[in-house]
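Peer 1: Each chain, written out:
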Amino acid sequence: MTRTEIEKITNEFLVEEIEVDAEMLKPEALLNKDLGIDSLDFVDIVVIVERNFGFKIKAEEMANVTTLGDFYNYIEQKLNN
Amino acid sequence: MRRVVITGMGIYSCIGKNLSEVSDSLYNGKSGIGIEDKRTEYGYRSPLTGIVERPNLKTVLDRRVRTGLPEQGEYAYVATQEALDNAKIDMDFLEKNEVGIFYGNDSSAKPVIESHSIVLEKKDTTLMGSGYIFQSMNSTVTMNLSVIFKLKGVNMTISAACASGSHAIGLGYFFIQKGLQDIVVCGGAQETNYLSMGSFDALSAFSTNTANPTKASRPFDKNRDGLIPSGGAATVILEDYEHAVKRGANILAEVCGYGFSSNGGHISQPSNEGSYIAMTRAIKDAGLTAKDINYINAHATSTVLGDMYEAMAINEIFGALKTPVSSTKSMTGHECWMAGASEIVYSTLMMQNSFIAPNINFEEGDEHSSKLNIIANTSTKKIDTFLSNSFGFGGTNSALIVKKIK
Chain A
196 MTRTEIEKIT
206 NEFLVEEIEV
216 DAEMLKPEAL
226 LNKDLGIDSL
236 DFVDIVVIVE
246 RNFGFKIKAE
256 EMANVTTLGD
266 FYNYIEQKLN
276 N
Chain B
13 MRRVVITGMG
23 IYSCIGKNLS
33 EVSDSLYNGK
43 SGIGIEDKRT
53 EYGYRSPLTG
63 IVERPNLKTV
73 LDRRVRTGLP
83 EQGEYAYVAT
93 QEALDNAKID
103 MDFLEKNEVG
113 IFYGNDSSAK
123 PVIESHSIVL
133 EKKDTTLMGS
143 GYIFQSMNST
153 VTMNLSVIFK
163 LKGVNMTISA
173 ACASGSHAIG
183 LGYFFIQKGL
193 QDIVVCGGAQ
203 ETNYLSMGSF
213 DALSAFSTNT
223 ANPTKASRPF
233 DKNRDGLIPS
243 GGAATVILED
253 YEHAVKRGAN
263 ILAEVCGYGF
273 SSNGGHISQP
283 SNEGSYIAMT
293 RAIKDAGLTA
303 KDINYINAHA
313 TSTVLGDMYE
323 AMAINEIFGA
333 LKTPVSSTKS
343 MTGHECWMAG
353 ASEIVYSTLM
363 MQNSFIAPNI
373 NFEEGDEHSS
383 KLNIIANTST
393 KKIDTFLSNS
403 FGFGGTNSAL
413 IVKKIK
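Going line by line, the protein sequences match chains A and B.
Those letters in the first sequence? Residues 196 to 276, by the working numbering.
Those letters in the second sequence? Residues 13 to 418, by the working numbering.
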């Protein structure tokens, strides 16, 4: 899966399922502060990522993921490994 | 003791999605019963049910709220919003004043079954998502409504089988009467999905008159063959009388009596003695006598034994008075956890509009019901005071008395 595809799928589910404002989807956006994603939303994102990308997010791997760009990187890394 | 009044009502049911639609249906004797084919495929003995359309709240409530809100919570939200609008209570008022909630709910089967199915497939609870825990608990309705409406007073769910909604109103009445709260949101909610009623169908308690769904619910009729499950939600805003007057609220009626009892007997069979105690206790609490009651909204669900025991108890108290009786379940089916609240809304609508809604499908009485004054056709009548019965599994009984404000 290309980086562009990863970003497209991620942005789509953030808008359609988590109902994040599409205009806020910039790589530097902070997941919590800018996009309003809280701990409960993240429980749902684990489910959505598993459905869309076929792997399970592990909380400990997300320690340094704070921006949307970090999140794209994390997904890309997981898919490439 | 403080007086307790109703300053708002809201309803979402199989006979209408708001007060106006429901009032019309009651007057016209319109049934909300139909067939859900999915029940037959699933293995139900009877596919009959109240047909309730789920509200679309996507543009009304944000995702976080909707994620934790089950079907009956959606119904309860719509009914409560209508009741609060009716009571002239907005979010600004709710932010600045302490308002409580007692709501009847006694199951949330669909999210329990759905989440279990996910774990069976995935073998991993963390793939359920965040919403099922909040949807699954019995307190889901009060949990969600208290967050949505920013309620800061008493907050709890009443689970008392098919008397849940009635007891919720009774407890709200007590809390206000004793000065513990000025305003309490009270009501009852009932899920209608096919996953929620299979175990009740297992008792063969449901009518199988699929040839004539709108004639299947026939409380007190000699040829009744069972109840029809139904649902939705109903809300009443209870308020201290002086508080309501002071803020210029539109006072719809006064709750003046609450009676309760437990049969201490069989888990599913009702009792005329327990029903009698609840009714007489409510009448005594209201400082009234039986002759003061102008209308009885019976619990009667259309089961052979339940209707019989209630008819015996009503006869014992009201027999000589020939007090008008009808069961709105003839139109709505049995709204279970919601019924005690919805029947207060239905009866208050009748009182406001001076009519008695018909006990449709009552064609021929049996030994006990033939002694009652059952109103089979819509009747124009001024109602000053009514009594509403609710009885549930385990022998829990509740009776409420509501009167016109004077």
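Read the hints as simulated data drawn from the structure, not as lab findings.
For glycine and all other residues, C-beta sits at the position ideal for the given N, C-alpha and C.
Some hints could be false.
To be verified - Okay, derived cross-link-like pairs now, PhoX-like style, lysine-lysine, Cα gap no bigger than 25 Å in a straight line:
1. B/K135 - A/K273
2. A/K228 - B/K418
3. A/K253 - B/K135
4. A/K203 - B/K70
5. B/K303 - B/K416
6. B/K296 - B/K394
7. A/K228 - A/K251
8. B/K42 - B/K303
9. A/K273 - A/K251
10. B/K50 - A/K251
11. B/K227 - A/K273
12. B/K383 - B/K394
13. B/K303 - A/K253
14. B/K29 - B/K50
15. B/K50 - B/K122
16. B/K258 - B/K418
17. B/K393 - B/K258
18. B/K258 - B/K234
19. A/K251 - B/K135
20. B/K258 - B/K108
21. B/K227 - B/K50
22. B/K70 - A/K228
23. B/K108 - B/K190
24. B/K29 - B/K190
25. B/K334 - B/K383
26. B/K418 - B/K296
27. A/K203 - A/K221
Claimed, not checked - Far from chain B, by Cβ distances over 10 Å, these chain A residues were calculated:
28. E202
29. F208
30. I213
31. A217
32. A224
33. E245
34. A258
35. N268
As the list claims (entries may be wrong) - So, partial list: chain A residues that the calculated Cβ filter (under 10 Å) puts toward chain B:
36. E212
37. E214
38. E218
39. D229
40. S234
Peer 1: If I take the minimum Cβ distance from A/E202 to any residue of chain B, is it greater than 10 Å?
Peer 2: Per Cβ check, A/E202 is outside 10 Å of chain B; nearest 21 Å; holds.
Peer 1: Need the status of pair B/K334, B/K383: alpha-carbon distance at most 25 Å?
Peer 2: Given pair B/K334, B/K383 holds - Cα atoms ~8 Å apart, limit 25 Å.
Peer 1: Are the Cα positions of A/K203 and A/K221 separated by 25 Å at most?
Peer 2: Answer holds: A/K203 to A/K221 is near 12 Å, not above 25 Å.
Peer 1: Hinted pair, alpha-carbon criterion (25 Å max): A/K273, A/K251. Please report holds or violated.
Peer 2: The hint holds at about 9 Å.
Peer 1: Is the Cα-Cα distance between B/K258 and B/K234 25 Å or less?
Peer 2: Distance of about 50 Å is beyond 25 Å: violated.
Peer 1: Taking C-beta pairs only, is A/I213 more than 10 Å away from all of chain B?
Peer 2: Violated: least Cβ distance 7 Å, not greater than 10 Å.
Peer 1: For A/F208, is the shortest CB-to-CB distance to chain B above 10 Å, so the non-interface label stands?
Peer 2: Given a closest Cβ separation of 12 Å, the condition holds.
Peer 1: Run the distance test for B/K50 versus A/K251: straight-line Cα separation, threshold 25 Å.
Peer 2: With Cα atoms ~34 Å apart, B/K50 and A/K251 exceed 25 Å; violated.
Peer 1: Hey, does A/A217 actually stay past 10 Å from chain B on C-beta?
Peer 2: holds, 14 Å
Peer 1: Does B/K394 lie within 25 Å of B/K296 when you go C-alpha to C-alpha?
Peer 2: holds, 23 Å
Peer 1: Just double-check A/E245 for me: nearest Cβ-Cβ distance to chain B has to come out over 10 Å.
Peer 2: violated, 6 Å
Peer 1: Minimum C-beta separation from A/N268 to chain B exceeding 10 Å: can you confirm that?
Peer 2: Given that every Cβ of chain B is farther than 10 Å from that of A/N268, nearest at about 22 Å, it holds.
Against the hints set out earlier in the document, violations occur for numbers 2, 8, 10, 11, 13, 17, 18, 24, 30, 33, 38, 39.
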